[in-house]
Amino acid sequence: MTPVHFAFSSAFILGLTGLAFHRTHLLSALLCLEGMMLSLFIALSLWTLQLDSTNFSASPMLLLAFSACEASAGLALLVATARTHGTDRLQSLNLLQC
Amino acid sequence: MTYIMSLFLFGLVLGLVAVASNPSPYFAALGLVVVAGLGCGILVGHGGHFLSLVLFLIYLGGMLVVFAYSAALAAEPYPESWGSRPVVAYILAYIVGVGMVSGLFWGGWYESSWVPVDELGELSMLRGDSGGVALMYAGGGGMLVISAWVLLLTLFVVLELTRGLSRGTLRAV
Chain B
0 MTPVHFAFSS AFILGLTGLA FHRTHLLSAL LCLEGMMLSL FIALSLWTLQ
50 LDSTNFSASP MLLLAFSACE ASAGLALLVA TARTHGTDRL QSLNLLQC
Chain H
0 MTYIMSLFLF GLVLGLVAVA SNPSPYFAAL GLVVVAGLGC GILVGHGGHF
50 LSLVLFLIYL GGMLVVFAYS AALAAEPYPE SWGSRPVVAY ILAYIVGVGM
100 VSGLFWGGWY ESSWVPVDEL GELSMLRGDS GGVALMYAGG GGMLVISAWV
150 LLLTLFVVLE LTRGLSRGTL RAV
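Chains as they are written, first to last, in numbering that gives the first Met the number 0: chain B, 0 to 97; chain H, 0 to 172.
These are computed hints drawn from the structure, not numbers from a lab. Be aware that one or more of the hints could be misleading.
For each label pair, taking beta carbons as the anchor points, the in silico distance ranges come out as [to be verified]:
#, chain 1, residue 1, chain 2, residue 2, range
1, B, His-4, H, Leu-158, 34 to 42 Å
2, B, Leu-95, H, Met-99, 30 to 38 Å
3, B, Leu-95, H, Ala-92, 46 to 54 Å
4, B, Ala-72, H, Trp-105, 34 to 42 Å
5, B, Gly-85, H, Gly-140, 40 to 48 Å
Reference excerpt, derived from the structure (chain H facing chain B, CB under 8 Å, subset only) [to be verified]:
#, residue
6, Leu-8
7, Leu-11
8, Leu-15
9, Val-65
10, Leu-72
11, Ala-73
12, Val-97
13, Gly-98
14, Met-142
Computed from the model, here is a short list of chain H residues facing chain B with C-beta under 8 Å [what the hints assert, rightly or not]:
#, residue
15, Val-12
16, Pro-24
17, Val-34
18, His-45
19, His-48
20, Val-53
21, Ala-70
22, Ser-80
23, Val-132
24, Leu-134
The model shown is predicted, which means the values in this text are computed figures rather than measured ones. From the three backbone atoms N, C-alpha and C, an ideal C-beta is built for every residue, glycine too.
Working from the sequences, and respecting the hints, build out all of it.
See the structure below:
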């Protein structure tokens, strides 16, 4: 595993753990999701650049477009949560009480 | 050059440690800005200038700005920075984890492990990264139409999510 491959792989896994263990704010989870998307963008771009293969070269742009869609949907949910519950803290999302 | 690239790679991983340790969202958004900037530097170092500019403009200038002012929804009187006790615990755990896994690969990394292969050094008209964007308008036209449709659909999804009027997701308004 080259250093660059290790770097964006560990960045993806770190974002995933941040998403899994998010503690207080919903926005922290959305930001970790954005970090994962960023590491995926870097990975796809480096595929074309390092391996001299232009087969998959349109994928970073398309990933960016779909990531924008996902971020806006997540932020709309955040705004809806903040408007309904008054805050985006996860303690207030207590419909499922266990 | 390798020193700058290794600096950018370290910064990428440490920046994402700073985001994943879940401080208050103000600081996490700052960490994400740093990570995006260093990622652009990595792409430039490999010769992908166009994709790096796209990342800067669209991702940093478009999406992260929206995240930055949405962080106002997460306002709290005593925001947790990277110095507060639970965040430091996460940071240490992540750094130790990444360090241990990188120790598995350390023996095989040497000076030129990341030398990019760049054959057309001078006067190259066809770059792989901008060629991919051109491909999106040529053979990938169907995917372009699909992406535009999905973006329009997302606009309506967002408008429906935040509509209010006691229907859908906003019941309190």
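Just to be careful: measuring from the Cβ of H/His-48 to every Cβ in chain B, is the smallest value less than 8 Å? violated (10 Å)
Please check whether H/Ala-70 passes as an interface residue: C-beta within 8 Å of a C-beta belonging to chain B. Given a least distance of 6 Å, the restraint on H/Ala-70 holds.
Mind checking the CB of H/Leu-134 against every CB in chain B and telling me if the closest is under 8 Å? holds (5 Å)
With a cut-off of 8 Å on the beta carbons, see whether H/Ser-80 makes it to chain B. Hint on H/Ser-80: violated, closest Cβ of chain B at ~13 Å, above 8 Å.
Return holds or violated for the Cβ distance of B/Leu-95 and H/Ala-92 against the range 46 to 54 Å. Taking Cβ atoms as reference, B/Leu-95 and H/Ala-92 lie about 27 Å apart, which means the hint is violated.
With chain B as the partner, please determine if H/Val-34 meets the hint condition of a C-beta pair closer than 8 Å. The hint holds - H/Val-34 has a Cβ within 8 Å of chain B, the shortest such distance being about 6 Å.
Holds or violated: is there a CB of chain B closer than 8 Å to the CB of H/His-45? Result: holds, 4 Å to nearest chain B Cβ.
Would you settle whether the hint for H/Val-65 is holds or violated, based on the nearest Cβ-Cβ distance to chain B being less than 8 Å? holds (6 Å)
Regarding the hint that H/Val-97 lies at the interface with chain B, is the smallest CB-CB distance below 8 Å? Check passed: Cβ of H/Val-97 comes within 5 Å of chain B, closer than 8 Å.
Would the hint on H/Leu-8 be counted as holding, given a Cβ-Cβ threshold of 8 Å to chain B? holds (4 Å)
Distance restraint evaluation - B/Leu-95, H/Met-99, Cβ atoms, bounds 30 to 38 Å: For B/Leu-95 and H/Met-99 the Cβ distance comes to about 35 Å; the hint holds.
Would you check whether H/Leu-11 satisfies its interface hint, that is, whether its CB is within less than 8 Å of any CB in chain B? Holds - the Cβ of H/Leu-11 comes within 8 Å of chain B, reaching about 5 Å at its closest.
Hints 3, 13, 19, 22, counting from the list given before, are not met by this structure.
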